[in-house]
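**Student:** For reference, the chains in residue letters:
Protein chains: 2
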Amino acid sequence: MKKYLYPDFLVKIINEKLNIYIKDYKTSPEILRKAISYSLKNGGKRFRPVLCLAVAGSLGCRYEDVAPTACAIELIHTYSLIHDDLPSIDNDDLRRGKPTCHKIFGEDIAILAGDALFAEAFNIILKYQQSESEKIIEALAEIGQASGALGMVAGQTVDVFYTGKEITRRKLMCMHKNKTGKLIIAAVRCGAILCNASQGHMNKFTRYAENIGMAFQITDDILDVVSSSEDIGKTAGKDSLQNKNTFPSMFGMEKSRKIAEKKVSEAINIVKSMEINSEWLIKIANFLLLRKS
Amino acid sequence: MKKYLYPDFLVKIINEKLNIYIKDYKTSPEILRKAISYSLKNGGKRFRPVLCLAVAGSLGCRYEDVAPTACAIELIHTYSLIHDDLPSIDNDDLRRGKPTCHKIFGEDIAILAGDALFAEAFNIILKYQQSESEKIIEALAEIGQASGALGMVAGQTVDVFYTGKEITRRKLMCMHKNKTGKLIIAAVRCGAILCNASQGHMNKFTRYAENIGMAFQITDDILDVVSSSEDIGKTAGKDSLQNKNTFPSMFGMEKSRKIAEKKVSEAINIVKSMEINSEWLIKIANFLLLRKS
Chain A
1 MKKYLYPDFL VKIINEKLNI YIKDYKTSPE ILRKAISYSL KNGGKRFRPV LCLAVAGSLG
61 CRYEDVAPTA CAIELIHTYS LIHDDLPSID NDDLRRGKPT CHKIFGEDIA ILAGDALFAE
121 AFNIILKYQQ SESEKIIEAL AEIGQASGAL GMVAGQTVDV FYTGKEITRR KLMCMHKNKT
181 GKLIIAAVRC GAILCNASQG HMNKFTRYAE NIGMAFQITD DILDVVSSSE DIGKTAGKDS
241 LQNKNTFPSM FGMEKSRKIA EKKVSEAINI VKSMEINSEW LIKIANFLLL RKS
Chain B
1 MKKYLYPDFL VKIINEKLNI YIKDYKTSPE ILRKAISYSL KNGGKRFRPV LCLAVAGSLG
61 CRYEDVAPTA CAIELIHTYS LIHDDLPSID NDDLRRGKPT CHKIFGEDIA ILAGDALFAE
121 AFNIILKYQQ SESEKIIEAL AEIGQASGAL GMVAGQTVDV FYTGKEITRR KLMCMHKNKT
181 GKLIIAAVRC GAILCNASQG HMNKFTRYAE NIGMAFQITD DILDVVSSSE DIGKTAGKDS
241 LQNKNTFPSM FGMEKSRKIA EKKVSEAINI VKSMEINSEW LIKIANFLLL RKS
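Protein sequences appear in the order of chains A and B. Reminder that position 197 of the first sequence reads as 197 in my numbering, one-by-one numbering, no gaps. Reminder that position 202 of the second sequence reads as 202 in my numbering, one-by-one numbering, no gaps.
Source of the hints: derived by calculation from the structure; they are not laboratory data. Incorrect hints may appear among the rest.
Because identical chains cannot be distinguished in the list, a pair is counted as satisfied if it fits within a single copy or across any two copies.
Said to hold, decoys possible - Once the Cα atoms are required to be at most 30 Å apart in a straight line, the calculated DSS-like pairs of lysine-lysine come out as:
| no. | residue 1 | residue 2 |
| --- | --- | --- |
| 1 | K127 | K103 |
| 2 | K103 | K244 |
| 3 | K135 | K165 |
| 4 | K103 | K238 |
Excised from the complex, chain A in its bound form (with noise of 0.2 Å):
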């Protein structure tokens, strides 16, 4: 049934210019193409980059005219799983079912790998964008915020700092926006952008991308409780074991999954309400319930 929900002909553009991408770096030494490419090419289910194009195409726009800046999102957030992977900081063994990064190339190595997607996420937009270099700029600003101090690194130091400690409902909230929200939100501001959306469309793309982002988190929470280490291809029940601060864990499984079902159909008024082809973001949206991994 999946495939009829999530975009799977998305997917294979993105993955299909991964692959030409990183052919620029075929000179680069072997053991970080090899580490790169292992994380790179892992079988996630690009949302963000999906989701790029996604809003590309409700707005009319090629897909390919947005996949540099969508494809570079993807480098970012497999840089940030690879980080967030070693051993300092979430000691994971499990990635979508195979071995982290560090745990075949060692961490030094890891490290590098994750350093490297992100110098080569800016390079992929510098180099591929064919729009006006206004756009290009606001695309990577978008990014640049989302990815930095204020964005998914200062959501990674809040986990990091408040494991096992106790936290507001107000700090868990932003420190998953921070985390994941914002780099999803760019992902949608970016294929907006590049498409020359209206203002009325970026504030409403915006508001969807924001509950789609919280969403996305909560699903993905309670998938680490209720699912097994297969199924999520990562360790299941990582978060409880480490003391995690969860959506979960403050709210409990029912309440977790009904702000989760809320979210999700605010997103989907907000696109429904916007003339546009919203087909794909809609089923998206309902993806995020039905995911189970």
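Following the hints, put chain B in place on chain A, whose structure we already have.
**Tutor:** Structure of chain B alone, referenced to chain A:
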């Protein structure tokens, strides 16, 4: 004597600007902010941004016109030092005479502080660099290429991978060019790009920077052998202890010094042949042969 040789007035500009830019993430998690400030305010020579400013000055530009990009390069350099010092990479306890970032803030926060600095480097340029969009994109591409899988990270990977192993002279040169040279070259080229240097000037500045970059790395290797930890502010003699591939280990001290002198003299001849105000570019080159840290 040093103050007549090194442009301390440019260091001052850089430090002032850095103090302004880092206020942008004053709402970032406290521990992350502290780790970033600690590493960034560690009293470095600001060699790369100083070069960028000196190139701008040589072309008659105002220093302020390139300061954001110059500072961004310092952020990238700082991030690379934090990651290089990590236990799983160079495992260094001392940097510029003070405990390394991970010794103070822990390995997890050090990794995250490096990650944040990298993102914030791009953010500074995107927010503060007042140039034509095309020029900004050109500068970003220089920096992205210099830091990525074919630049700094490639050099660091080769360094890690070949530590304790035999390496060819060609590979040693290539490693140093990637690890240290390319960011130095980017600093020089960005100064020139943002000041609309002609293609002829660009080529000469690039050759100046290539020579400077190599001389910088050779003198760095030499200092590691001949200086005390107190003088160089990091653990002296570490290269040899760790079986690192260095210029002295491959060519011996005397020949290494000769190569450095030759590179400096070539760099000076290049800028002397240009119709620019080359005073500080020459002084910076000469400084490399006299520096003690």
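**Student:** Indicate, hint by hint, whether the structure satisfies it.
**Tutor:** Right, here's what the structure says about each hint:
no.: 1; hint: K127 x K103; result: neither (32 Å within a copy, 38 Å between copies)
no.: 2; hint: K103 x K244; result: both (22 Å within a copy, 24 Å between copies)
no.: 3; hint: K135 x K165; result: neither (42 Å within a copy, 47 Å between copies)
no.: 4; hint: K103 x K238; result: both (17 Å within a copy, 27 Å between copies)
In summary, the numbered hints that this structure violates are 1, 3.
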